[in-house]
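Colleague: Sequence:
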Amino acid sequence: MMKFLFLYLFLLLQVSLGAHGDIHLRIKLLCRQINLNPKSADLYFKRGELYFAHEDYRAAISDFKRSKRYGCTDGVYFALAISYFQCGSLKKSHHYLRDIFYSGKYDAKVYHLMAKLLELKKDYTASAEIYQAIIDSSFFVRPEAYVDLANLYHRRGFFKREIDLYLSAIDKKGYLPVFYKPLLQIYEELNMYGEATQLLGEVIERMERKEFLIYRRGLLFKEKGELSAFVGDMKKVMRLIQELPLHLQSQPSVQILAQDVLGQLESFENK
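With the first letter of the sequence shown counted as 1, position 242 gets the number 242 in the working numbering; the numbers rise by one all the way through.
These are computed hints drawn from the structure, not numbers from a lab. These figures come from a predicted structure and were not determined experimentally. All C-beta atoms, glycine included, are put in the ideal place defined by N, C-alpha and C. Please note that the accuracy of each hint is not assured.
To be verified - Label pairs and their calculated CB-CB ranges: (1) 120 / 168: 18 to 28 Å; (2) 125 / 173: 23 to 33 Å; (3) 164 / 120: 47 to 57 Å; (4) 194 / 263: 17 to 27 Å; (5) 252 / 69: 24 to 34 Å; (6) 263 / 188: 39 to 49 Å; (7) 177 / 229: 21 to 31 Å; (8) 249 / 167: 55 to 65 Å; (9) 65 / 105: 14 to 24 Å; (10) 54 / 212: 32 to 42 Å; (11) 249 / 188: 46 to 56 Å.
To be verified - Result set (PhoX-like, lysine-lysine): computed pairs, CA atoms no more than 20 Å apart in a straight line: (12) 160 / 172; (13) 68 / 39; (14) 172 / 210; (15) 121 / 105; (16) 105 / 122; (17) 105 / 68; (18) 65 / 39; (19) 91 / 109.
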């Protein structure tokens with residue numbers, strides 16, 4: 001979860017993981033530039049971003065503080081708040097977030113970090129309220145806002161709220177894997193097999209590759225005692241595998257799937 005959060009927050013810092021090239025080389029180049037211009041707020045901020053990308057948060061904090069000292073204001077408070085958060089220094093992270101709120105220059109990413117911080121401080125009610133405010137305030141809500149609030153509900157045992165939230169997310173954003181996979185899991189944990197098979201049916205309709213999902217739905221039909229539907233899905237999976245190009249049929253995951261399907265059918269026929 002923390003690694004997932006790191007990646008999300010890194011994106012919020014507007015540094016591209018795929019575009020920053022060799023971090024060590026870029027840090028060396030920035031070090032040379034800083035030696036020539038030791039009071040450049042922009043250079044310290046850029047190097048701080050690279051240290052953050054390298055998960056050297058203490059070095060990032062040091063550079064962000066220098067950037068702030070030499071006049072940088074845009075983004076530096078949020079950068080410090082994130083970096084302290086990643087170090088586990090929640091009090092200092094909260095300090096910089098509070099400064100951002102006092103300035104009046106805040107947006108969804110600031111709210112999101114505050115929600116995560118409050119969650120870690122076990123102020124679950126306030127955290128949930130902020131997540132919900134993020135979701136309600138903008139049409140362009142990142143999927144992570146839904147997922148983090150759903151995870152909070154799950155940890156608190158509020159499964160009905162979790163389910164309703166994922167259904168709302170799917171309605172607004174579509175059948176994204178980050179929504180339907182955990183929703184399917186909670187359905188299975190609660191033995192809500194009817195809802196699970198219905199959800200899988202909706203997902204299957206929208207997917208080009210269907211064989212793995214149909215296999216999973218077939219197992220759910222088996223759990224429900226709908227054996228004819230179970231057999232139908234197992235046979236459908238075999239047919240779809242046979243229709244795949246040979247190079248896909250030879251993939252280990254597909255071969256294992258075929259063996260599992262045959263095993264399921266053989267076990268059923270021998271009963």
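Colleague: Going through the numbered hints above, which ones does this structure break? Give me the numbers in ascending order.
Modeller: Checked against the structure, the hints that fail are numbers 3, 5, 6, 8, 11, 14, 15 and 16, while the rest are satisfied.
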